Amino acid sequence: MKPDRTGVHEFDRRRALAEAERCLYCFDAPCTSACPVHIDIPGFIAMLRSGNGPGAAWLVRDANPLAETCGSICPSEIYCQASCTKAKQDTPVRIRELHQYATRSERGREFHPERSPRTEKTVGVLGAGPAGLGCAFELGKLGYQVDLYNDGPPGGVPLKSIPSFRLPEEDVVRDVGILARFFRTHDVRIDAAAFGAITGTHDAVFVAVGLGRDRVLGIPGEGLRGVYPVLEFLETAKKRPHALAIGSRVIVVGGGNVSLDAAATARSLGAADVMLLYRRAEEQMLVWPAELAAARRMGVEFSFRSFPLSIAGEDHVEGVMCRRTRAGKEIDDSGRPVPVEIPGSDFLLPADSVIVAIGQDLRADWLPRLDRTGRGHIGVDGNFRTSLAGVFAGGDAASGEGTVVRSLAHGIEAAKAIHAYLMRQS
Amino acid sequence: MKRGKTNGSGPVRDLSYEVMGIHLENPFILAAGPSTDDAGMVRRAFSMGWAGAVLKTTSVEGTRVDLAYPMISSFDHDGKLLFGMGNIDLISAHHVERVEQTVRELKAEFPEKFLAASIMAGKKEDWQSLVARLENAGADMIECSFSCPQGNIGEDPGKMLAQSVAATELTARWVKEAAQRIPVSIKITPHVTDIVDVAKAVQRSGADALTAANSLQALMGIDIHSFVPEPPLGSRSTYSGLTGPAIKPLTLRTIAEICRSVSIPVLGTGGASSWHDAVEFMSVGARCVQFCTLVMHHGFRVIDDLRSGMSQYLDEMGFSSPLDIVGKALPHIAVHDDLPRRHVRSVIDESRCIGCEVCYVACRDGGHGAIDRRENRIPFVNPERCVGCGLCPLVCPEGCIALSEIS
Numbered sequence: 001m002k003p004d005r006t007g008v009h010e011f012d013r014r015r016a017l018a019e020a021e022r023c024l025y026c027f028d029a030p031c032t033s034a035c036p037v038h039i040d041i042p043g044f045i046a047m048l049r050s051g052n053g054p055g056a057a058w059l060v061r062d063a064n065p066l067a068e069t070c071g072s073i074c075p076s077e078i079y080c081q082a083s084c085t086k087a088k089q090d091t092p093v094r095i096r097e098l099h100q101y102a103t104r105s106e107r108g109r110e111f112h113p114e115r116s117p118r119t120e121k122t123v124g125v126l127g128a129g130p131a132g133l134g135c136a137f138e139l140g141k142l143g144y145q146v147d148l149y150n151d152g153p154p155g156g157v158p159l160k161s162i163p164s165f166r167l168p169e170e171d172v173v174r175d176v177g178i179l180a181r182f183f184r185t186h187d188v189r190i191d192a193a194a195f196g197a198i199t200g201t202h203d204a205v206f207v208a209v210g211l212g213r214d215r216v217l218g219i220p221g222e223g224l225r226g227v228y229p230v231l232e233f234l235e236t237a238k239k240r241p242h243a244l245a246i247g248s249r250v251i252v253v254g255g256g257n258v259s260l261d262a263a264a265t266a267r268s269l270g271a272a273d274v275m276l277l278y279r280r281a282e283e284q285m286l287v288w289p290a291e292l293a294a295a296r297r298m299g300v301e302f303s304f305r306s307f308p309l310s311i312a313g314e315d316h317v318e319g320v321m322c323r324r325t326r327a328g329k330e331i332d333d334s335g336r337p338v339p340v341e342i343p344g345s346d347f348l349l350p351a352d353s354v355i356v357a358i359g360q361d362l363r364a365d366w367l368p369r370l371d372r373t374g375r376g377h378i379g380v381d382g383n384f385r386t387s388l389a390g391v392f393a394g395g396d397a398a399s400g401e402g403t404v405v406r407s408l409a410h411g412i413e414a415a416k417a418i419h420a421y422l423m424r425q426s
Numbered sequence: 001m002k003r004g005k006t007n008g009s010g011p012v013r014d015l016s017y018e019v020m021g022i023h024l025e026n027p028f029i030l031a032a033g034p035s036t037d038d039a040g041m042v043r044r045a046f047s048m049g050w051a052g053a054v055l056k057t058t059s060v061e062g063t064r065v066d067l068a069y070p071m072i073s074s075f076d077h078d079g080k081l082l083f084g085m086g087n088i089d090l091i092s093a094h095h096v097e098r099v100e101q102t103v104r105e106l107k108a109e110f111p112e113k114f115l116a117a118s119i120m121a122g123k124k125e126d127w128q129s130l131v132a133r134l135e136n137a138g139a140d141m142i143e144c145s146f147s148c149p150q151g152n153i154g155e156d157p158g159k160m161l162a163q164s165v166a167a168t169e170l171t172a173r174w175v176k177e178a179a180q181r182i183p184v185s186i187k188i189t190p191h192v193t194d195i196v197d198v199a200k201a202v203q204r205s206g207a208d209a210l211t212a213a214n215s216l217q218a219l220m221g222i223d224i225h226s227f228v229p230e231p232p233l234g235s236r237s238t239y240s241g242l243t244g245p246a247i248k249p250l251t252l253r254t255i256a257e258i259c260r261s262v263s264i265p266v267l268g269t270g271g272a273s274s275w276h277d278a279v280e281f282m283s284v285g286a287r288c289v290q291f292c293t294l295v296m297h298h299g300f301r302v303i304d305d306l307r308s309g310m311s312q313y314l315d316e317m318g319f320s321s322p323l324d325i326v327g328k329a330l331p332h333i334a335v336h337d338d339l340p341r342r343h344v345r346s347v348i349d350e351s352r353c354i355g356c357e358v359c360y361v362a363c364r365d366g367g368h369g370a371i372d373r374r375e376n377r378i379p380f381v382n383p384e385r386c387v388g389c390g391l392c393p394l395v396c397p398e399g400c401i402a403l404s405e406i407s
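Sequence order for the protein chains is A and B. With my numbering as the guide, the letters of the first sequence map in order to residues 1 to 426. With my numbering as the guide, the letters of the second sequence map in order to residues 1 to 407.
Any given hint could be a false lead.
[Claimed, not checked] Calculated cross-link-like contacts (lysine-lysine; reagent style BS3-like; alpha-carbon spacing at most 27 Å): (1) B/K80 - A/K88; (2) B/K159 - B/K176; (3) B/K107 - B/K176; (4) B/K107 - B/K80; (5) B/K123 - B/K176; (6) A/K86 - B/K80.
Bear in mind the hints are in silico, worked out from the structure with no lab data behind them. Note that the structure is predicted; figures quoted are calculated from it, not measured.
My request is simple: use the sequences and hints to build the entire structure.
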């Protein structure tokens, strides 16, 4: 087994076959139901076992057009592997790694899914992240003429802000390359005028622009040099890592997967001391256990039950004044105890930079006509329809931060809903 | 590649061809057995992509079919369930009238599928009336079970028809005589002293094809506390017909031996459990491959990988039809005297060795003591003593030992 850059081991053929042998080949398999895009998992594993590698890779990619991307980063422990029947005997089958093995070992083989006859109807897709790509691809397969509009190269969060030590850019680029035959891509800035023009020239529109606006702490010192909103930090770290001067002591504020990415990225950029500040306890973090373990392996340290009061410094960050919390009696919407401040517990953490990773909101000031949810996301019904006829939405823009595969599933399902809508129109 | 339809299971190319003038969508046929004893089950199999089925063996009205349960047992090996399956099943409890009806129904619904009926009888008039009735019902082929290893119908209980060369030829003539338009295939047993004699008798009879082979008589295991064999029926049991992966090498040899001696087509069956096995069966001469145990274990859904895997294989080999595989291995089978005498030695890839020393002990106690140990647990082959027997590569869990020719 050769260790890859995340410290997770990638299968070689012998290991993959041994792992594939563990699959029980369940009927109506729970793993397939748990997978947001419903890959026929026992089916592709049986093909690996029989020596039908091309068939296995085809089954994976036919269900999951971002096969390489998800093979690297899908949090399988919360999806397929969480429901694996084999876990009732011992441990779950390592499905993600088998998916990755099946996909990688057939790299370079052409993928020709079935394509319905061309129709004259056109669909505009805004945003080329997982939801937009999934929708554009699925509609292309259904025969529609699809225009995919995106600010910059297609790939969304996986391309722009997931650290390359977790997800090599080539994985995303390869996936996008395979899908790109099914739609036209336009590199445009999406604003109110563009939105108007796109809705005016297509029979239906799918909005999958993601979130894109970092939340702010709203505390003194947030304007100092050396304070980075997390998306800006992650995108710069990928594109121009030399442009970042984060120093040796970095504090990351926030308790989600993105904050773990930021902390691990700070370590990979050379910061000696990276401290993640989280106002609740470790077990209340909204993170995948594997990512937390990976961050620890990379030397990230944690200060739980503490939050920033202010950022200290003259012109540049010099430290963060923090306060401790304890679990309160009150339980919030998420089912977790609300943290309560402990008076007199303030302490100063010296720091050269601060990364603020407390979540993102929808940046779509150009979407005034669409109804929003209470959390500010685009309001949709069960068929991804917005309040505007012919306009559909999905992915993070409609549901808030989620996994790549969840957004991809939205895109694919929305394409089917759009297809049903357009069939009724004709 | 020549692209056909996808079936939710990957690209599947055109796998169709003809055998004995019969159109087959692909080489994968359900063998006579529990999966083909019911029209609804066969209907589901056909809808999922199976090219054909041999309905479970039927008989004339009044034939006693006295089943005993439980009838199935397993030969588990190294943690693998059903490495071999044993059954003490008999022919179908459905007599010919019901099977005629099944043939009519299925042929009306699936005219493109290959539907054969399997029969077994004792007397000449029974054999011939079964053939005539099922042919008239619309069956595409009659398969004659001369080899049901349990409760054979005949004067000599426990002995199979196909164990007698003379009886095989005579009975095969009867059935061939009765078939007006459709081919008949004789299903033989590997339980004979010389399979070639039986195959030649079938060919002489004028029968159109051979189905080879069948389950092998076996004793599936013994409970070492009660001493009752598997499957236990109270305090008794009996010999089972063994099928599944365990018998694949035996069937391969049987088919090869038959195809080296007769020219009539052979339908392969007995132990195939993947597209890969099917390719092997066809390479020793089988024109199509029948499956039973695999389906009993995992269901009709296995057809997806059979078709997809066969498609990928044909593309990889540049073959235009599954028929291109037929007989490819036969020229490579020789008698021992005619084998080349090569000088080969084992070579261990030290960079991949994990130091289990299984090769060392296998060679020491089962080979030629040609592998020596070292401090670092990475063994090495002594070229003076290694004769190239080929044992050590087979026991290496890392696959890091290879045989290399020396000049």
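Does A/K86 pair with B/K80 here, judged by a C-alpha cut-off of 27 Å? holds, 15 Å
Starting from B/K159, check that the Cα of B/K176 is at most 27 Å away, please. holds, 23 Å
Just to be careful, I want the Cα atoms of B/K107 and B/K176 compared with a cutoff of 27 Å; is the pair within it? Holds: B/K107 and B/K176 sit about 22 Å apart, inside 27 Å.
Does B/K107 pair with B/K80 here, judged by a C-alpha cut-off of 27 Å? violated, 38 Å
Proposed proximity, A/K88 with B/K80 (alpha carbon, max 27 Å): holds, 18 Å
Under the criterion that the straight-line Cα-Cα distance not exceed 27 Å, is the pair B/K123, B/K176 satisfied? holds, 15 Å
Violated hint: 4 only; the structure is consistent with all others.
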